[in-house]
Every structure is written in structure tokens, then in C-alpha cells.
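K.L.:
One line per chain: the protein sequences are A and B, in this order.
Taking our numbering, the leading residue of the first sequence gets 1, the next gets one more, and so forth.
Taking our numbering, the leading residue of the second sequence gets 279, the next gets one more, and so forth.
Since the hints were derived computationally from the structure, they do not count as laboratory data.
Beta carbons are placed, not taken as given, at the ideal position from N, Cα and C, and that holds for glycine.
Where hints are given, some of them may not hold.
Claimed, not checked - Simulated DEER-style distance windows between Cβ atoms:
no. : chain 1 : residue 1 : chain 2 : residue 2 : range
1   : A       : Asp58     : B       : Asp498    : 29 to 39 angstroms
2   : B       : Arg591    : A       : Arg102    : 21 to 31 angstroms
3   : B       : Ile429    : A       : Thr235    : 19 to 29 angstroms
4   : B       : Ile429    : A       : Pro131    : 48 to 58 angstroms
5   : B       : Leu466    : A       : Pro151    : 36 to 46 angstroms
6   : B       : Leu466    : A       : Glu241    : 52 to 62 angstroms
Stated by the list, open to error - Not the full set, but computed from the structure, chain B residues with beta-carbon under 8 angstroms of chain A:
no. : residue
7   : Asp384
8   : Met385
9   : Gln396
10  : Met451
11  : Gln453
12  : Ser463
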Amino acid sequence: MTDPSYVPPGEPLERIQCQWCQSMNVKTALSCQACGAPLDVRNLVSESGWREAPRIKDMTEIHFSASTCQVEGEIVPAAEINLGAGDAVFFEHHVMLWKDERVPLSVMQLPGGLKRAFGGMPFLITVAGGPGRIAFSRDATGELVLLPLHPGMEVDVREHAFLLCSHQVAYSFIRIKGLANILFGGQGMYMDRFVTTGAPGLLILHGYGNVFERRLGPGESIMLEPGAFLYKDSTVTMQVEFQRLGTGFLGGTNMSLARMTGPGRIGIQSMYVHHHTE
Amino acid sequence: MFCIHCGSQVPEGGNFCVGCGSPVKRPAAAAPPAAPSYPSAAPTPPAPHLSTPPPPAEPRSASTKCSWCGNLVDATETSCPRCGAAVSLAGMVTESGWAQLPARKDMAKLQFGNSFCQVEGLYVPVADMNLAAEDGIYFTHHVLLWKDPQINITTMPLAGGWKRLVAGMPLIMTQARGPGHIAFSRDLPGELIPLPLQPGQAVDVREHLFLVATEHVKYDWFQTGIWFQTQSGNDSETHYPIGMFMDRFTAPTAPGLLLLHAGGNIFVRHLGPGQTILIKPTSLIFKDPTVQMALHFERPSTGFSGWGFWGNRYLWLRLSGPGRVAVQSVFEPIEGEARNITSFSYATEQRW
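Generate coordinates for the entire structure from the input sequences, incorporating the hints supplied.
P.N.:
So this is what it looks like as C-alpha cells:
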């Protein structure tokens, strides 16, 4: 693999930093090698501080480890992976679109299988090994969120939101604490947690609708519709709070909102998972 | 405030972003006071370009007329500050007279009162409101996406609660007041439709399309009177192809902003007095209150033609002008359409 930060002797040390994933790219690059974000388009940041996930140009190719990934389509995008020998990706059920016959599949051993089945989480995480091609997509209008994980990062993801992840990333799941968070957090009992240790990795999520990211300062908080939550740094805390809305009769209704408190990044999706609070 | 290039927070009063060094563009907030900027003599009914005779040429040097809401827009603006439509091009009007909701630039900014609304995203757009201290909005259930912790939300009681409950309409409206940020979206791919209302203007909206409105807009509802009954065996059922109720939004004295959300693409046209058009009932988005509605049946004149036999039948909503009507390209099937219809509200009929 060509190291994007490698500078041949005699060449000037000019590099463009991707504003989405902070990776360094050669000056002539039009899109980021690591996350596919266009480098020649201005960032779209709302005045309230939310940054729109980069609109990845159709057929953009990105690199991770010894493999490449091409993002195809725009309304329901697919991620087509060309796995290098020795590389592998893991994923949940119902996201594989097609694959080469020779690409072997295997099952990742997970602790707590019974608890997961109980919590409605996928019981099996499947692993596909290289060399060969395999493609993934999810069955709804949305955006692919490419999150290259630098060493030492910890990201928490709403369950069933992750599409695939490269094998260097350690996968685990954490139990959401607090009964209120489980019952009214709109996302069940568990959250996926992805941790990188020594090597960088790639995590691809599928967000419904449009995806926005914002960085919360230490102690800064924002109230979210729980179904809008997509991912967060593990340093961001989540606490579901209730707002009582009286109607004057029939006892009124409750509205639950998740208070997310920084420091760290938080990602949301605009077509949120609908659930009833009444 | 935040840098529009990299998203870093810029201290108030700073001229350059601390994150990326780009110059900071200040919002023109608080400068134009709301009321005087809309004199009562303002052009009242929007979208006049939709009428059949071509409108007289507008002087385009100083200002352009927004093809969606009819607001006069300064020539230096790229999108209309009242409804967010791109103003660089003339409105896209089909040969049959339907105008498409103009493409909206991502992050387009709308102004209402001293507050702003930014529309973000293209598949499932988000209305991101920056409410000034004296401004307020109200919204329906299940549309709130996020808010600043200091914004308080309270309920706005509605009249006729029991009837609304029976009809499956939202029982409460929730309201929020500034200052602070609050954002809305609906859980369906589609378009966000900004409808600026001039003082005295009103619009009728099919149920469940409403997202959020400014507090000066008065909310009311009425029975559509459009229904048909089907019978199978001893079971008879009443169906409401455009819903039992319709929402009516009025701006009595001050101008207001109404945001709707509908699936697919949005088209609008202006019907002249007495002019009619047949539309799929479930595709109706909104209409001027002056537009009249009725059912219309079309079926072959040959063959067995009792009301009980509905093999080749079309069920239409007949709209008669004068006024504006808007439709969406993604619509639901009409419930009960294929069943045995026994009675119905006033309808016209045509046999071929």
C-alpha cells in the first residue's frame, strides 16, 4: 500500500489535511484517500455548528490497509470492497449485496451470545477475508459515513447502524446503563463499541437520511431526539430525560430526549428511527 | 457563532476563525426589524407567474421575484431569504403549467422576524432554527430532531381534542420560544416546503404534512366533507381519501412562515376562476381556501354499470379555482378504492 503521508525525497512537504477525518493527502488529490470526502468542495457547516457528512462523489475510491473501497450510488449507496490478501472486514446480517464466490466467510466469536440474542442484537457477526471483492448496502435512503479510526480511538454506534468494519478494529458492545435509557432511549439495550489499539482501521456506517456531525466541548450538551443518535466518541455521555407535556385531559404525554454531554464528536441522522413515546 | 468553513467556534467579535483562519462572515441579524420590512401594500398572493398569461417583465437589475413565494429578492442574493428557493433561474414550469418547487441550495437560510432557519441536507432535510429572544414557533409530534438544552418546550392546547383524537390527528401542538437553536425533520425522504404567508393570507394543508410554523400563524382545522362508504357483507366502512380533517393556517396580521414536509417532488399551479383539474386525492399537499374540492368518478359507459361494479373506475379529487394548488409525486394508495362503494359525498361523474 502507498502511504499517503510518505513524501519522496526532493518533493516539497505540502499536504492537504482532510477536514472530515484529519488524514493527510497529496496536494493533487481531489478526494481524501482515507474517507472519500471531496477536498475541493467547501465544508457545509450550519450556523448552529453541525457539519454535514461529506457528500461522497459517485465512484470515489478510498484505501485502507491493503484493500480499497469504492462508494457507488448516491441515494442508497453501496460500498464495494476489494479486499487485499490478509485483510478482512466484518459486518452484520442483511447488509451484504454481492460477493465473489471465492471470498471466504466465517463467524466472529462473540462473548455474551445469549444476552445479545435477548437484546435483539445480531447474534452473529460475519467476517469476510481477502483476496476478492464483496459489496454492502442497507435497504433505505441514506448516506454512508466513512470513519477512518486512528490508533487509540473509541467510537460508540447505535445498534444496527454499522455496515462494515475492517479487521484491525476491535468490536465489542456495551450495555446501555439505566432503565430509562433502555426503555426510552429508542435503541435497545446495547450499543456497538469500536476500539482501535495500535493500527488504524476503517468503520463504515449507514445513516438514514442525511448525517450531521458536531463536536461538543467539555461539559457542553445538546438535547437529541433519541432516534436521531447515530454515533459518538466514547467520551460523550448520554442521559435520557423526560419532558412532561400536559394536554388537559387523558393525562397528557411524555416526550423523551437524550442529553448528550461532551467532550467529543456526536453524529446524528435526519430520518430518525421512529418510535412512540406516548 | 461558528466558522462556515471548518465549524470551529469563533469568539464573539472576532474577525477571523481561530480554527482555519478564514474571515468570518457576520449574519445580518437584528438589523432589519420584522414588521416594517413587510409593508401592508406588499404583493399579496404569491406565485403570480403561474397564471397563464406571461407576467410583465420584471426589472432584474435591482431585484428579482422569487419564483416560489413571490418575494422581491435583492440581485446579490443567491437564494430567497423568505423561502430558501434558488433565485438564479426562472422557475421551472412545465408546458401544462405546473411549477416545480425550485431546487434549494444546501444550507439555504430563511429569515422570519428576527430569527433564521437554515435548511440542511438533501434527502431528508433538517430545518435548523435560530430563534431570537422574542420569536416563537410551534410544531407537531415526532418532528423534533435536537435542541439546545436551554430552550423550553411547552404544549399549546387545541380545541376539539376528542374529535381530533378519534380522527387520528395530533392532539397537541408543542411550542418553543427563543433564544436558542432547535431543529426539525420528518422520518421520510422528501422535500421541505417553505410557505411564507403574507398578512391576511391563508392556506389549507392535507393532514400529517405540517412540520412547524411561526407563532404568528393561526392554526385551525375543518372537516373536508370528502368521503365515500364501502360495503362488504354487512360491514360498511367510511373512507376519507384526503383525511377527515384538513389543517388551515392563517396569518391574520403579521407575516408568518409555515414549513411542510412531503414525499418525492413538489409541483404547484395556479387555477383561474372556474378552471378545474383532477388530481389523485392522496397527492394533494395544499390549496388556497378559495379552491373548492369534490369527488369525481370516471368509468366506462359500456358493460354492467351499477354502482356495485367498479372494474375500470377512477376516483379523482376535482379542484376548481381560483387559487393555488400543490401536489406531491409520491403518494399513498387510496384506502378502499377498489371496494364496492355504496354512498359518497357530492361527486361529479364522467363515462367514456
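K.L.:
For each hint, tell me whether it holds in the structure or not.
P.N.:
Going down the list of hints, with the structure as the test:
Range check, aspartate 58 of chain A to aspartate 498 of chain B: about 46 angstroms between beta-carbon atoms, so the 29 to 39 angstroms window is missed. The hinted range of 21 to 31 angstroms is not satisfied by arginine 591 of chain B and arginine 102 of chain A, whose Cβ atoms lie roughly 55 angstroms apart. Between isoleucine 429 of chain B and threonine 235 of chain A, the C-beta spacing of about 25 angstroms keeps the proposed range 19 to 29 angstroms intact. For the pair isoleucine 429 of chain B and proline 131 of chain A, the beta carbons lie near 53 angstroms from each other, so the given range of 48 to 58 angstroms is met.
As the Cβ distance of leucine 466 of chain B to proline 151 of chain A is approximately 40 angstroms, the hint placing it in 36 to 46 angstroms holds. At roughly 27 angstroms, the beta-carbon separation of leucine 466 of chain B and glutamate 241 of chain A lies outside the given 52 to 62 angstroms, and the hint is violated. Restraint check, aspartate 384 of chain B versus chain A: the minimum CB separation of about 6 angstroms is within 8 angstroms; hint holds. Residue-level restraint check for methionine 385 of chain B holds (minimum Cβ-Cβ distance to chain A is 5 angstroms; threshold 8 angstroms).
Look at glutamine 396 of chain B: its Cβ gets to within about 5 angstroms of chain A, closer than 8 angstroms, so that hint holds up. Hint on methionine 451 of chain B is violated. Least Cβ distance to chain A is approximately 10 angstroms, over the 8 angstroms limit. Given the 8 angstroms rule on beta carbons, the hint for glutamine 453 of chain B is violated: about 10 angstroms separates it from the nearest Cβ of chain A. At about 4 angstroms, the closest approach between the beta carbon of serine 463 of chain B and any beta carbon in chain A falls short of 8 angstroms, and the interface hint on this residue holds.
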